[in-house]
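Participant: Here is what each chain is made of, one letter per residue.
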Amino acid sequence: MIWRYVIQRLLIAAVQLLALAVLVFFIIRLMPADPVARLVGFNASPEAYAQSQQALGLDRPLLLQFSDFLGLTAGQPGGGLLQGSLGESWESNEPVADELIRSLPVTLELVSLSLLVSLLLAIPIGMYAAARPGGAVDKGAYVWGMFAGSQPDYWWGLLFILVFAFTLGVAPAPLGRHDPLLLPPDPVTGLILVDSVLRGRWDVLVSAFGYLALPVITMVFTVSGAIIKMIRQNTVRALSSDYVMFARACGLPQRTVALYALRTALTPTLTLVAVFFSVLLSAAVTVERVFSLNGVGQYSVRAILNFDYPAIQGAVLAVAFVSLMVYLLVDILHAVLDPRSRSH
Amino acid sequence: MSAQAAGGALLSATGICVDYEGKRAVDGFSLEIQRGGFVGVMGQPGCGKSTAALALLGLVRPPGRITAGRVLWQGRNLLEMDERQLAGIRGSQIGLVTQSPRSSLHPMLTVGAQLVRVYRAHTSASRREAREHALEMLRLVGIQEPARRLDAYVHELSTGMAQRVVIAMALCNQPALLVADEPTSGLDVTIQAQVLDRLWEAAGQLGSAVLLVTQDLGIVANYCDRVVVMDRGGVVEEQTVHGFFQAPRHQYSRRVVGLQTLVSASSPQPDAIRNAAGPEAEDVLVRVRGLRKVFRVPGRTEPLAAVDDIDLAISRGECVGLVGESGSGKTTAGRCILRLEDPDAGEILFAGKALHQMRPVELRAERARMQIVFQDPLDSMNPRWTVEQVIREPLDLATELSTGERRNRILELSRATGLPLDALERRPRELSAGLQQRVAVARAMVTRPDFVVLDEPTSALTPETTAELVGLLRDLRGRYGVAYLLISHDLTTIRDACDRVVVLYLGQVVEEGLTEQIFGAPRHPYTRALIAAHLSADPNSRRVDQTDRTGLLGEIVPVSESLMGCRLSPRCPHAVSRCRAETQSLEAQADGRRVRCWRALEGDLE
Numbered sequence: 001m002i003w004r005y006v007i008q009r010l011l012i013a014a015v016q017l018l019a020l021a022v023l024v025f026f027i028i029r030l031m032p033a034d035p036v037a038r039l040v041g042f043n044a045s046p047e048a049y050a051q052s053q054q055a056l057g058l059d060r061p062l063l064l065q066f067s068d069f070l071g072l073t074a075g076q077p078g079g080g081l082l083q084g085s086l087g088e089s090w091e092s093n094e095p096v097a098d099e100l101i102r103s104l105p106v107t108l109e110l111v112s113l114s115l116l117v118s119l120l121l122a123i124p125i126g127m128y129a130a131a132r133p134g135g136a137v138d139k140g141a142y143v144w145g146m147f148a149g150s151q152p153d154y155w156w157g158l159l160f161i162l163v164f165a166f167t168l169g170v171a172p173a174p175l176g177r178h179d180p181l182l183l184p185p186d187p188v189t190g191l192i193l194v195d196s197v198l199r200g201r202w203d204v205l206v207s208a209f210g211y212l213a214l215p216v217i218t219m220v221f222t223v224s225g226a227i228i229k230m231i232r233q234n235t236v237r238a239l240s241s242d243y244v245m246f247a248r249a250c251g252l253p254q255r256t257v258a259l260y261a262l263r264t265a266l267t268p269t270l271t272l273v274a275v276f277f278s279v280l281l282s283a284a285v286t287v288e289r290v291f292s293l294n295g296v297g298q299y300s301v302r303a304i305l306n307f308d309y310p311a312i313q314g315a316v317l318a319v320a321f322v323s324l325m326v327y328l329l330v331d332i333l334h335a336v337l338d339p340r341s342r343s344h
Numbered sequence: 001m002s003a004q005a006a007g008g009a010l011l012s013a014t015g016i017c018v019d020y021e022g023k024r025a026v027d028g029f030s031l032e033i034q035r036g037g038f039v040g041v042m043g044q045p046g047c048g049k050s051t052a053a054l055a056l057l058g059l060v061r062p063p064g065r066i067t068a069g070r071v072l073w074q075g076r077n078l079l080e081m082d083e084r085q086l087a088g089i090r091g092s093q094i095g096l097v098t099q100s101p102r103s104s105l106h107p108m109l110t111v112g113a114q115l116v117r118v119y120r121a122h123t124s125a126s127r128r129e130a131r132e133h134a135l136e137m138l139r140l141v142g143i144q145e146p147a148r149r150l151d152a153y154v155h156e157l158s159t160g161m162a163q164r165v166v167i168a169m170a171l172c173n174q175p176a177l178l179v180a181d182e183p184t185s186g187l188d189v190t191i192q193a194q195v196l197d198r199l200w201e202a203a204g205q206l207g208s209a210v211l212l213v214t215q216d217l218g219i220v221a222n223y224c225d226r227v228v229v230m231d232r233g234g235v236v237e238e239q240t241v242h243g244f245f246q247a248p249r250h251q252y253s254r255r256v257v258g259l260q261t262l263v264s265a266s267s268p269q270p271d272a273i274r275n276a277a278g279p280e281a282e283d284v285l286v287r288v289r290g291l292r293k294v295f296r297v298p299g300r301t302e303p304l305a306a307v308d309d310i311d312l313a314i315s316r317g318e319c320v321g322l323v324g325e326s327g328s329g330k331t332t333a334g335r336c337i338l339r340l341e342d343p344d345a346g347e348i349l350f351a352g353k354a355l356h357q358m359r360p361v362e363l364r365a366e367r368a369r370m371q372i373v374f375q376d377p378l379d380s381m382n383p384r385w386t387v388e389q390v391i392r393e394p395l396d397l398a399t400e401l402s403t404g405e406r407r408n409r410i411l412e413l414s415r416a417t418g419l420p421l422d423a424l425e426r427r428p429r430e431l432s433a434g435l436q437q438r439v440a441v442a443r444a445m446v447t448r449p450d451f452v453v454l455d456e457p458t459s460a461l462t463p464e465t466t467a468e469l470v471g472l473l474r475d476l477r478g479r480y481g482v483a484y485l486l487i488s489h490d491l492t493t494i495r496d497a498c499d500r501v502v503v504l505y506l507g508q509v510v511e512e513g514l515t516e517q518i519f520g521a522p523r524h525p526y527t528r529a530l531i532a533a534h535l536s537a538d539p540n541s542r543r544v545d546q547t548d549r550t551g552l553l554g555e556i557v558p559v560s561e562s563l564m565g566c567r568l569s570p571r572c573p574h575a576v577s578r579c580r581a582e583t584q585s586l587e588a589q590a591d592g593r594r595v596r597c598w599r600a601l602e603g604d605l606e
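From first to last, the protein sequence lines stand for chains A and B. For the first sequence, the positions run 1 to 344 when our numbering is used. For the second sequence, the positions run 1 to 606 when our numbering is used.
If you're looking for bench data, these hints aren't it; they were derived computationally from the structure. In this text, a Cβ means the ideal position worked out from N, Cα and C, and glycines have one as well. There could be a bad hint or two in this list.
Claimed, not checked - Some chain A residues well away from chain B (every beta-carbon gap over 12 Å; in silico):
#1 Arg9
#2 Phe25
#3 Pro95
#4 Ala97
#5 Gly140
#6 Leu168
#7 Tyr327
#8 Leu328
#9 Leu329
What the hints assert, rightly or not - Cut-off 30 Å, straight-line C-alpha distance, at most; resulting in silico cross-link-like pairs (BS3-like, lysine-lysine):
#10 Lys23(B) to Lys229(A)
#11 Lys139(A) to Lys353(B)
#12 Lys229(A) to Lys139(A)
All chains should be built: construct the whole structure from the sequences, respecting the hints.
Facilitator: Below, the structure written as C-alpha cells:
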C-alpha cells in the first residue's frame with residue numbers, strides 16, 4: 001500500500017518537474033538579454049556573432065530549441081532532458097550535470113547540517129518553553145526569534161565573520177569548505193565531511209568542520225527562532241490536550257505522559273522539516289556567497305548573471321528535484337508515524 | 001447504603017477552591033462519597049461541576065490551579081501528594097471518565113496499547129496478561145468484536161465506542177470510585193442508554209462508587225441514588241433522588257424539576273390538523289415524494305443512500321418531527337427538502353410549486369417563504385456582524401422592504417423571540433447559547449416564512465433553555481401560522497413540540513404517526529427502542545430496575561442497498577429469518593399510521 005503511494009507520488013513529481021522545465025525554458029527566454037553578445041563581446045564582428053549564435057543553436061526557431069532541450073529532435077548529439085541530459089554550459093562548455101554534481105552536495109551539506117543543528121536546538125528549547133510558559137527560556141527564545149529574524153542572513157554572516165574570524169580569531173576566514181592548503185579527498189559522495197571520512201583524511205575533516213561552523217551558525221541563528229516557536233506551539237497544544245489529562249487521570253507514570261505529549265507534538269514538526277529545508281535552500285544563495293562556498297546557490301547566481309541558459313535550467317530543476325524528494329520523504333515518514341494520515 | 005453503617009466516607013472533600021487566572025471556578029466545594037453509592041452532580045453550565053469533579057483527582061485543566069481544600073482518601077489528603085503518589089491512586093483507586101472520549105484517547109496509539117499501559121501501570125501483569133485483561137474489559141463495556149477493536153485507533157471508532165473504551169480504561173483496575181464527567185453528552189439516546197447501562201452494571205460488579213456529573217434529569221432519575229446540586233462553584237443542595245424530585249430545595253432544582261411537569265402538562269398543540277396520515281390535499285404546504293440522495297463514500301464501491309425514497313407531507317401551521325439516530329439521514333432530508341442540497345430523485349412541492357425543478361434564480365425568490373435554523377447557531381452567523389445585521393440578512397437578500405420596514409420587522413422579531421433590546425448591537429459570540437439560538441430563530445422568522453426547517457436546534461442547549469426554546473417555537477407558530485419540520489434526536493423536544501412524528505432509520509421512514517401514538521404505543525421495533533432508551537425524569541420507574549432492557553444491538557451501521565430484507569434486522573431483537581429475506585415496505589394502518597415492519601403489522605410484537 002505504501003509502495004503504491006510512493007510510486008504515485010514519484011509520478012506526480014515527474015510531471016511537476018517536466019512542467020517546471022517547460023516554464024523555466026520559456027521564462028528565461030523572455031528575459032531582455034542577449035547571451036550571444038555576453039559571450040562574444042559587444043565589439044565582435046557580425047560574422048563572429050552569427051557563428052556563435054549558430055553554435056548555441058539560438059538561430060533556430062524557439063519551438064525547435066525547445067525540442068532540442070527536451071531531446072525530441074532526431075539525431076541530436078547528447079540528447080535532451082528526456083534522455084537525462086541537461087546540456088552543456090555555454091560558459092564552461094562542460095556538461096551542466098557534471099557541474100551540478102560538484103556544486104549540489106556543497107549546498108546539501110550546508111542546508112542539512114544547519115537544519116539538523118536547528119532541530120537539535122529548537123526541539124528541547126521549544127518543549128522546555130512550552131512546559132514553563134512565561135519562564136526565562138520561553139521569553140529568551142521569543143526575543144531571540146524576533147531579534148535574529150529581523151535581519152537578513154548575509155548580514156549576520158558578515159557580522160559573524162567580523163567577530164569570530166577577524167576580531168576573535170576563533171574561526172577560519174571564509175575561504176570555502178576547508179583550508180585551501182589542503183588537497184581535497186577524491187570525491188565519492190561530493191559531501192566533504194563524508195568523503196574525508198571515507199578516504200581517511202582526518203585533517204580535511206577537522207578543517208571542514210571549522211570552515212562549516214560559521215555558515216552553519218549563520219543559518220541556524222536566523223532560522224531557529226521560527227522553529228522554536230512552532231515546536232513550542234505544538235507542545236503547548238499537546239500538553240493541554242484531553243488525552244494528556246486523561247493519561248494523568250489514569251495514573252500513567254510521568255515519563256509515559258511526557259512521551260504521549262512528545263509524540264503528538266513532534267509529528268507535525270516533520271512537516272516543518274520540509275518547509276524549512278526549502279527556506280534554507282534559498283537562504284543558502286546568499287550565505288554561500290558570503291562564505292565563498294561553491295554550492296548550487298553560487299552556481300545559479302553565476303549562471304543567471306552570464307545568461308547561461310542551460311546552467312540556469314539545470315540548477316532550477318536540480319533544486320526543485322531535491323525539494324520534491326524531501327517533501328516525499330517527509331510525507332512517507334508522517335504516514336508511518338501518524339495512523340490518521342494513513343486512512344484517507 | 002450499607003457502607004455508611006461501616007462508618008467513614010470513601011472520599012471526603014472539604015473547601016476545594018479552583019482559580020482560573022484570578023477567576024474562581026470552584027469556591028469551597030465539599031462532598032462526601034460513600035462506598036458503592038451512585039451520586040449525580042447537577043448544575044447550570046459554568047457552575048463548576050466538571051472542574052470540581054476533576055479536582056477530586058487533583059486534576060485541573062490548564063491554566064487553572066487548585067488553591068485551597070482537602071480531599072481525604074483513606075485518611076490521606078490527595079491535594080498534598082506529589083505527582084508520583086497521585087499516579088498511584090489515579091486510575092487504580094479513583095478512575096475518571098471524561099466528557100469527550102474521542103479526544104481523550106491518544107490519536108497515534110492503538111486502543112489496546114493504551115489499555116495495556118493503564119493496566120500495567122498499576123499491576124505487575126505481563127504484556128500478554130494485560131492484553132487478555134484489556135480484551136475482557138472491552139467485552140465488559142459491551143464492545144462488539146473486542147479482539148479486533150484492540151488494534152483500532154481512536155479515529156476508527158464512533159463516539160459511543162470511544163466512550164466505552166474510556167470507561168474500560170477507567171474501570172480496568174477496579175477503582176473504588178469512578179468519576180464520570182458528562183459521559184454521554186454527545187451520544188444518541190440509544191447509545192446513551194447502552195453506555196450508561198454498562199457503566200451501571202460494570203460499576204456494580206466491581207463494587208465501585210460513581211460520581212456522575214450531568215445536566216440531564218433523566219440520567220439522574222434513572223441511575224443515581226443521591227443528587228448534589230452546585231451553583232457558583234459550591235454545593236447548594238444534597239439529598240436522595242426521591243427527595244430531589246419530590247421536594248427540590250434550591251431554586252435551580254425547583255426550576256429544572258418543575259420544567260418536566262410543566263412541559264408534559266402543556267402538551268396540547270394549537271389547533272393543527274390531527275391526522276396521523278398527514279394533511280388533506282388542500283391543506284398541504286410541503287409534499288415530498290420519493291426523495292432520494294446518495295453520497296459517494298471513499299473506500300466503498302457503491303454509493304450510500306443517506307435519504308432513500310422518503311414520502312412526507314406537512315400542512316400549514318403543522319409541526320412535524322423527524323427523529324432517528326445520527327446517521328439516519330435526518331439532516332440530509334431536511335436540507336434536500338429546502339433544496340440546500342440537490343436530491344438525486346424525487347419531487348418536492350412547496351405550496352403547489354415544483355421546488356425540485358426550479359432553477360437557482362426561481363429558487364432564490366422562494367427562499368423568503370422557507371427558512372432553516374441550524375444546529376450550531378454560532379457556526380451559522382458571521383462573527384463580525386452585529387445581531388441586528390445577522391437578523392436583517394434574509395430581509396436584504398429576499399425581500400424589497402424599505403429600511404424603516406426592515407427595522408420594524410427586526411424589532412418585532414427580536415421582541416417575539418424574547419431577545420433583550422441591547423442584544424441587537426452586540427455580536428453573536430457575546431450572547432449565551434440560548435440567546436444565540438433565539439437569534440437564529442429570529443433570523444429564520446424575519447421574512448415571515450410559511451415553513452421553517454429546524455435542524456437539531458436544541459442540541460447545544462441546557463434542558464432549561466431547551467424547554468424555553470420549545471415554548472418559543474410554539475408561541476411563534478401560534479402567532480405566525482408557520483409550519484415546522486423539527487429534526488432532533490432529543491425525544492423530549494420532539495414530544496413537547498410536534499403534532500406528528502416521522503421516524504427515520506438509514507434513510508427510510510420506518511414509522512409515522514401522531515406524537516401521542518408514537519410515544520404512547522410505538523409499533524416499529526426501532527421506534528420502540530428509541531422510546532425505551534429515552535430516559536424519563538421519574539425516579540419511580542427506573543430503567544435499571546426493569547428486568548427486560550433489551551434494546552437495539554450495537555450501533556447504526558450503513559447496510560448495502562442490495563441487502564435483502566429489513567435494514568434494521570442486524571440490530572433488531574425481534575428479527576427472524578423472514579425479516580432478513582423480505583424487503584419491508586411502509587404500510588398504512590387503519591388508524592392512519594404507517595409502519596415498515598411485517599411483524600409489527602401482524603401484531604407479533606404486542
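Participant: None of the hints should be skipped; say for each whether it holds.
Facilitator: Taking the hints in turn, this is what the structure says about them:
Look at Arg9(A): its CB is around 18 Å from the nearest CB on chain B, clear of 12 Å, so calling it non-interface holds up. Every C-beta of chain B lies more than 12 Å from that of Phe25(A), the closest at about 38 Å, which supports listing it as non-interface. The non-interface label for Pro95(A) is consistent with chain B: the shortest C-beta to C-beta separation is roughly 47 Å, beyond 12 Å. Distance to chain B confirms Ala97(A) as a non-interface residue, since its nearest Cβ pair spans about 42 Å, more than 12 Å.
The claim that Gly140(A) is not at the interface with chain B holds, since no C-beta of that chain comes within 12 Å of its own (minimum 21 Å). With a least CB separation of 44 Å from chain B, Leu168(A) remains clear of the 12 Å interface cut-off, as annotated. Separation of Tyr327(A) from chain B is adequate, the least Cβ-Cβ distance of about 21 Å exceeding the 12 Å criterion. Every beta carbon of chain B lies more than 12 Å from that of Leu328(A), the smallest distance being close to 21 Å; the non-interface claim holds.
The claim that Leu329(A) lies off the interface holds: its Cβ sits roughly 19 Å from the closest Cβ of chain B, which is beyond the 12 Å cut-off. Of the supplied pair hints, the one linking Lys23(B) and Lys229(A) holds, its CA atoms being roughly 29 Å apart against a limit of 30 Å. For the hint linking Lys139(A) to Lys353(B), the alpha-carbon distance of about 66 Å lies beyond 30 Å, and the restraint is violated. This hinted pair checks out: Lys229(A) and Lys139(A) have alpha carbons roughly 11 Å apart, not beyond 30 Å.
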